[in-house]
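J.: Below, each chain spelled out in residue letters.
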Amino acid sequence: DGGITQSPKYLFRKEGQNVTLSCEQNLNHDAMYWYRQDPGQGLRLIYYSQIVNDFQKGDIAEGYSVSREKKESFPLTVTSAQKNPTAFYLCASSPRVAEQFFGPGTRLTVL
Amino acid sequence: SQELEQSPQSLIVQEGKNLTINCTSSKTLYGLYWYKQKYGEGLIFLMMLQKGGEEKSHEKITAKLDEKKQQSSLHITASQPSHAGIYLCGADRGGTSYGKLTFGQGTILTVHP
Numbered sequence: 001d002g003g004i005t006q007s008p009k010y011l012f013r014k015e016g017q018n019v020t021l022s023c024e025q026n027l028n029h030d031a032m033y034w035y036r037q038d039p040g041q042g043l044r045l046i047y048y049s050q051i052v053n054d055f056q057k058g059d060i061a062e063g064y065s066v067s068r069e070k071k072e073s074f075p076l077t078v079t080s081a082q083k084n085p086t087a088f089y090l091c092a093s094s095p096r097v098a099e100q101f102f103g104p105g106t107r108l109t110v111l
Numbered sequence: 001s002q003e004l005e006q007s008p009q010s011l012i013v014q015e016g017k018n019l020t021i022n023c024t025s026s027k028t029l030y031g032l033y034w035y036k037q038k039y040g041e042g043l044i045f046l047m048m049l050q051k052g053g054e055e056k057s058h059e060k061i062t063a064k065l066d067e068k069k070q071q072s073s074l075h076i077t078a079s080q081p082s083h084a085g086i087y088l089c090g091a092d093r094g095g096t097s098y099g100k101l102t103f104g105q106g107t108i109l110t111v112h113p
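Listed in order, the protein sequences are those of chains A and B.
FYI, in this note's numbering the residues of the first sequence are 1 to 111.
FYI, in this note's numbering the residues of the second sequence are 1 to 113.
I should point out that these hints are in silico values taken from the structure, not numbers from a laboratory.
All of these numbers come straight from a predicted model, not from anything done at the bench.
Mixed in with the good hints there might be a few duds.
From chain A, some residues computed to sit far from chain B (all C-beta separations above 10 angstroms) [as the list claims (entries may be wrong)]: (1) S7; (2) G16; (3) Q17; (4) E24; (5) G42; (6) N53; (7) I60; (8) G63; (9) K71; (10) E99; (11) G103.
DSSO-like mimics (lysine-lysine), calculated; alpha carbons at most 27 angstroms apart, straight line [claimed, not checked]: (12) B:K17 / B:K36; (13) A:K9 / A:K83; (14) A:K57 / B:K27; (15) B:K100 / A:K9; (16) A:K70 / B:K100; (17) A:K9 / B:K27.
Just so it is clear, CB atoms sit at the ideal spot from N, CA and C, and this is done for glycine as well.
Let the hints inform the model, and build the full structure from the sequences given.
T.: As structure tokens, this is what we get:
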């Protein structure tokens with residue numbers, strides 16, 4: 001079945017650690033996106049990529065890094081520089097001119 | 001303040017009642033997307049509106065975009081418990097922002113049986 005997968009579903013991080021969230025899609029979509037969701041704030045864009053080997057910062061990129069070495073994969077690293085990383089992270093993908101399809105999300109908690 | 005404001009922030013209705021959720025933008029929209037989310041899950045695409053005055057329906061949900069393309073409404077007729085969740089509108093600004101979506105804060109809908 002075609003779709004977007006995110007792993008893990010739940011992730012716990014100790015202060016000072018970097019963690020990487022996985023996002024994979026087999027929809028052959030060019031564009032991929034990472035969002036952060038906090039209660040009462042909707043979704044905020046962290047990074048996006050419209051083509052392989054290229055990506056741009058979104059509205060809240062500080063403390064995060066990404067790579068786009070393959071069309072299917074867009075991993076997000078939450079670094080120790082991110083001061084408040086506890087949140088629900090959503091990955092999405094889209095063809096060039098169409099709606100975004102979302103993965104099931106990863107809930108990250110800092111211990 | 002948010003670029004995209006949704007109202008109300010939360011809504012509690014009795015099963016069978018009609019309801020409307022609004023999404024207002026401070027800028028002209030290139031495209032407006034409606035999504036539904038169950039708590040702790042990903043977003044499910046509902047509808048996309050692009051033309052001023054456009055209206056689309058799917059089952060008991062109708063979405064409209066006003067002529068000036070700065071406000072959209074989502075209307076649910078004869079609500080059911082399965083309609084409960086968080087409804088989010090997302091705006092595509094077009095131009096150099098093409099493909100990037102800005103989201104409203106969401107409207108939490110509860111439907112009592």
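J.: Look at each hint and say if it fits the structure.
T.: A quick look at each hint next to the structure:
1. For S7 of chain A, the requirement that its beta carbon stay farther than 10 angstroms from each beta carbon of chain B is met, with the minimum near 13 angstroms.
2. Remark: the non-interface label on G16 of chain A is consistent with the geometry, its nearest Cβ contact in chain B lying 27 angstroms away (cut-off 10 angstroms).
3. Against chain B, the non-interface label of Q17 of chain A holds: every CB pair exceeds 10 angstroms, the least being about 23 angstroms.
4. Against the 10 angstroms criterion, E24 of chain A stays outside the reach of chain B, whose nearest CB is about 14 angstroms from its own CB.
5. Listed as a non-interface residue, G42 of chain A fails to keep its Cβ farther than 10 angstroms from every Cβ of chain B; the least gap is roughly 4 angstroms.
6. The beta carbon of N53 of chain A is kept farther than 10 angstroms from every beta carbon of chain B, the shortest such distance being approximately 17 angstroms.
7. Distance to chain B confirms I60 of chain A as a non-interface residue, since its nearest Cβ pair spans about 12 angstroms, more than 10 angstroms.
8. Look at G63 of chain A: its CB is around 20 angstroms from the nearest CB on chain B, clear of 10 angstroms, so calling it non-interface holds up.
9. Its beta-carbon lying about 16 angstroms from the closest one in chain B, K71 of chain A satisfies the requirement of being farther than 10 angstroms from that chain.
10. For E99 of chain A, the condition that its CB be more than 10 angstroms from all CB atoms of chain B is violated, with the nearest at approximately 5 angstroms.
11. With a cut of 10 angstroms on Cβ distances, G103 of chain A falls inside the contact zone with chain B, its closest approach being about 5 angstroms.
12. For the hint linking K17 of chain B to K36 of chain B, the alpha-carbon distance of about 19 angstroms falls within 27 angstroms, and the restraint holds.
13. Under the criterion of a C-alpha separation no larger than 27 angstroms, the hint pairing K9 of chain A with K83 of chain A is consistent with the structure, at around 21 angstroms.
14. Distance hint between K57 of chain A and K27 of chain B is fulfilled; the C-alpha atoms sit about 22 angstroms from each other, no more than 27 angstroms.
15. At most 27 angstroms may separate the alpha-carbon atoms for a hinted pair to count; K100 of chain B and K9 of chain A meet this at roughly 25 angstroms.
16. For the suggested pair K70 of chain A and K100 of chain B, the alpha carbons sit about 20 angstroms apart, so the restraint of at most 27 angstroms is met.
17. At roughly 36 angstroms between alpha-carbon atoms, K9 of chain A and K27 of chain B are farther apart than 27 angstroms, so this suggested pair is violated.
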